[in-house]
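Which chain is which? The protein sequence lines are A and B, in order. Heads up, the first sequence is in this note's numbering, so the first residue is 1 and it goes up one at a time. Heads up, the second sequence is in this note's numbering, so the first residue is 1 and it goes up one at a time.
A portion of the hints provided could be inaccurate.
Unchecked claim - Cross-link-like lysine to aspartate or glutamate pairs, in silico, DMTMM-like; alpha carbons within 25 Å at most:
#, chain 1, residue 1, chain 2, residue 2
1, B, K132, A, E171
2, B, K37, B, D57
3, A, K77, B, D238
4, A, K77, B, D340
5, B, K132, A, E159
6, A, K52, A, E78
7, A, K76, B, E200
8, A, K76, B, D264
9, B, K276, B, E200
10, A, K38, B, D431
11, B, K132, B, D156
To be verified - A partial selection of chain A residues facing chain B, derived with a Cβ cut-off under 7 Å:
#, residue
12, H22
13, E26
14, E30
15, I66
16, N152
Said to hold, decoys possible - Away from chain A, derived, C-beta distances all over 12 Å, residues of chain B:
#, residue
17, F89
18, N171
19, T356
Calculated directly from the structure, the hints in this document are not laboratory data. For every residue, glycine included, the Cβ atom is placed at its ideal position computed from N, Cα and C.
Each chain is listed here by its residues.
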Amino acid sequence: MAPPTQAQTQAATSPTATLNIHVCGECHGETGAPKDAKLPIIWGQSAAYLEKQLRDYRSGQRENQIMNSMAESVPKKELSLLAQALASQPWPQPKLSDNSAQSWSSATQADAQFCLTCHAQNTSGESLYKGAPRLNGQNADYLLDQMMAWVNQDRSNSEVMGPLLKNKKKEQLQALSLYFASH
Amino acid sequence: MRPTTFRLHLQRVLCAWALGATTLPLTLLAQDVVKGKDAMGDWHKDAPGVMRLITHDDIVAPLESPSAANRSTTVAKPSDAQIKTMAGFKVDVFASNVDGARVIRQSPNGDIFVSQSRPGNVRVGNGYQFEKGKITVLRPSADGRQVQKTETFVADLKDPYGMAFYPPGPNPQWLYVGMQGQVLRYPYRNGDMKSMGEPEVIVSGLPIGGHWTRDVGFSPDGQTLYLAVGSASNIAIDMEDRPSDLQAWQKTHGLGGAWGNETDRATVLAYSPDGKNRRVYATGVRNCSGLTVQPNTGVVFCATNERDLLGDNTPPDYVSSIKEGHFYGWPWIYHQDHEDLRPGGGPRPDLKGKATAADVLIQPHSAPLGMDFNPGGMFPAQWTGDAFSALHGSWNRALHTGYKIIRMPAKANQLVGTYQDFVMGFTAGEDAVWGRPVDVKFLKDGSMLFSEDVNGTIYRVTYSKP
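So here's chain B without its partners, still in its complex pose (with noise of 0.2 Å):
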């Protein structure tokens, strides 16, 4: 089905959920779902509400494309750019000239956390204005649609990334930021707008280098402090010679754990919150930019680049729950038994088989970074509980891919496999992009927020019935 027809579908599926029906006909949408080589697609194909579904019997062959260099340049929004979604959504910009927007979270009491790790090194246009990075407070007004005070709660630190309110719950005495090699915490009161003291190392000796965006969760009880280190390189080409005893070191290291300069990297670790209690919870996650903890189970979920050079449409990225002691393949393999014989140090043919399959697979090099679930009170009912995640957008492909947002369906707190074109318009032809999504927040209100980090800009989506 072309996505169009597909759109006009869902806008009558959508209408005769609205009109009262209780449910969303889930069959008729089943049939609907653009699968496997069909699903993979670039820019010109994107449409909201078109419903994919890649699995891992549709993984094509390395290089079965050449293997494309493709650099989106970046511009100002064009006067005839329009964002696109769905029947029933509205997209308004919530704040503007928040340069380097990444990861966003909201305090208990309402106010917006936007971490701007490089706020100099991505203003478009002529207004250069270098800073380190920083953490920026925007509180929104009564009615939710703009920001009425901007605070900057910290400045000049090294890439902060991830955030994390602690103890969880409506009092946190702390906030978290990961950065480039460590974690900080400072205290926070909710109403703070500025930091109110100096900070504490949580952990330090965090890598520098490479994948460089470190994402912070806690477990809903608040016991475990969960920290993303992606890989140092796109796939430990140079690693060295493996160490001598693989089984002492995969003791130490986790399954499939990689040495040298990757020594655990491409992976989840886990902490006490006092930064003790080091351990590798698991390995082989290439580059987890999206670190979010399911708020009804406790499982922590990843959103997940997975490697470059193999063409246009291999291997998929993903969006899945990540499993304490599980291997995600990195570098020696992708998708479960899809062998990689480039990484340093020889293959590892013992690890095939042995990696643990992803929830989602995403159109490769679409590039996911931020991801959260919809706990309900404004989308529809029947989307409470589904992950969201913001595609970033490919450089290493023939045709743009990515640069959306997308909904990935979840049925009793598993994400089933598909994921939907959501919010999108962010390409200005094959060359030029105006937007690169970076993170999805929904709010208290149950609106979604997004950053982008191009023009610096947090978009708020918002629903009512059409």
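If we strip away everything but chain A, and leave its shape as in the complex, we get (with noise of 0.2 Å):
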């Protein structure tokens, strides 16, 4: 992991952001593996995406009866700190280990590096489309919670998600989200 810029110490420090990150790990994790594998990891992921998130929860733009509250229990000016306080932490280690060994299929594979083009992270940890959360070592559950969300339209918070995976079988997007969840 590439070493926290000065705004990342600063925000891991401060004594609110520091609580709030304690509040969040009851359900996401002390130590940044969640509980439950339907819930994100959220520690180490993208400080921009998490921003957003948190926004949107605010204004139920994105729906989640838990975080709705929860994302008002941080006063709007600390949303930021919050995100980086939480961006800062290490990704926790993968889960899926046993799907590593998996063979994908060629077809599984390109949708893989489709996503990718946008979620991939370069070296000091942002995703190459700015505020694109990471995919690799996401909990699998999750994953595919939120692409039928998106295909679904219950989840409606980017404008790009919903066309891009709704001609997707399911089974397509199972594979995905293990794929991703072994990376």
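Two chains, each in its own frame: build the complex with the hints.
In structure tokens form, the structure reads like this:
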């Protein structure tokens, strides 16, 4: 992992942000690995992505009963600090190591490469398309849940994701979720 | 009195009643109500028959305890798990694998309509079965105990939730369905198990996002369609600056009507059955997930989830009659006169004391969703007219609460304010739950169905005198 920037270091030591990381940890894991695989890993995630999601949860643009409220527990001007503090934590070890040896179909690999044109990280840990979340090592159940939410329009806080995914079959998305979870 | 003691006491009372007493000794029951702080509690303290009373005077200060994040994990039913209820009642599985079961309605010919708002998003285990929302029809067997035939009435909907047959009475012509964004009506005749024609858009342009359940109901005369629209956010924390002329705003959007992305949210709206003549019926109802019209009176009722992040025991959720033109507090006020300074746009001291009191205050964070009134015919005669509600259960509380069905006694069509633990047992330790009750619906035979959306089960509750 790249060394944290000065802003990240400050964020991580800001008392409020540290407190809030602990609160996030109640569900998202005290060491960054969520207790429930349906929840996302947020430690080490893109700061720009996390900040947008927190803002969208506050406004109701992204809908989740718990997160709509929890995102309000952080003062608006500190959302950015919290996002940076979370982003500066180390991404936990992927859980799906048993899938890493799986040989992926060429179709799945092609799908994944397409996703990575935006979602891949550069050497400083930011996505190639700023604000796109890291997918590698994310929980498979969460990834599949979210991809289906884009397809079903239960999630709509990005203009591109729904159209990109809408013609994919469930099996294709399931393969993609396992692919990313094991990389 | 400890819950177990109370349970024994209640059993004795019910036995006495079964043996010939004409009325339940209400004075005795009144003494045994747990009140105030004693009435607030968690799943450890739930027991069948416990009667609770929380009043306005019992509301505790914000953050007397810290705001907890305690999301329940959902599991399959453990082998040793048992549903608990009161003496004489029996809870049986009516239908399984109804993934994401939400609202239940019964058509005049007896078919059971269930909205599966998000059938794929709540499934437990490895068996993902992603689908958009749908409405399923379950035809009960002659004895009412099980399902003899299942059909999909309509599929591929965005979060279908509330349902209402129209016109009221024995021969409906349409089924109205509330969902994110719109209300549709489908042609319907008694006995239809599949939609026979294209739907008509009755209401369009409803908000998307935030609280997404859109419940619908009709006045008994069929003249008014009621529609519940919950708030976008918990407490409108980012709401923009207030309108320059607040008085003019309230004339259009109701007393205490919110603005910005919360415009006409946290409301009950009213329309003509054709979707015209829209008006704001009531404001400040944070999320009326269970809109029910009381059959005898035509009074609108809401089961409502109050705001989060103020600690374990404040503010109470509520089930209440909702009166036309009244304001129920959200976001600036809770329970008549408790000010909340978090909403964007600045404080509203002008609204203090102008919020209408709710009928039944329920343990904070219980999350009442659906509700219904007991028409009589099977449950104890004294319970006829009582309201029941399904508590989906807490996340914003150190110890879980809710996850049960409650009874709210009524007297002369008014809820008296107490509530009683009726069906419970869905928790599996401090973290896990295997059932989250969503809706209750009384059937023509007087039995009660309730849905839960963890494992997608519909249960039937029956009664015979013990």
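Quiz item: Are K37(B) and D57(B) close enough, with their CA atoms no more than 25 Å apart?
Solution: holds (10 Å)
Exercise. Mind checking the alpha carbons of K132(B) and E159(A) for me, to see if they're no more than 25 Å apart?
Key: Distance ~20 Å between K132(B) and E159(A) Cα, so the pair holds.
Self-check item: Satisfaction of hint between D431(B) and K38(A), Cα-Cα up to 25 Å
Solution: holds (15 Å)
Quiz item: Taking only the CA atoms, is the gap from K76(A) to D264(B) under or equal to 25 Å?
Solution: holds (24 Å)
Quiz item: Going straight from one Cα to the other, do K132(B) and E171(A) come out at no more than 25 Å?
Solution: Answer holds: K132(B) to E171(A) is near 16 Å, not above 25 Å.
Practice problem: Please work out if K52(A) and E78(A) have their alpha carbons no farther apart than 25 Å. | Solution: OK: K52(A) and E78(A) at ~13 Å, within 25 Å.
Quiz item: Within a Cα-Cα threshold of 25 Å, do K276(B) and E200(B) meet the stated pairing?
Solution: Roughly 13 Å between the alpha carbons, so the hint for K276(B) and E200(B) holds.
Exercise. Would you settle whether the hint for E26(A) is holds or violated, based on the nearest Cβ-Cβ distance to chain B being less than 7 Å?
Key: This interface hint holds because 4 Å falls under the 7 Å limit.
Quiz prompt | Hint check: 7 Å Cβ-Cβ cutoff, E30(A) to chain B | solution = violated (12 Å)
Exercise. So, H22(A) near chain B? Judge it on the closest CB pair being under 7 Å.
Key: violated (10 Å)
Self-check item: Nearest-CB test (12 Å) between chain A and T356(B)
Solution: holds (24 Å)
Self-check item: Non-interface claim for N171(B), where every Cβ of chain A lies beyond 12 Å
Solution: Given a closest Cβ separation of 35 Å, the condition holds.
The structure fails hints 7, 12, 14 (numbered hints given earlier, in ascending order).
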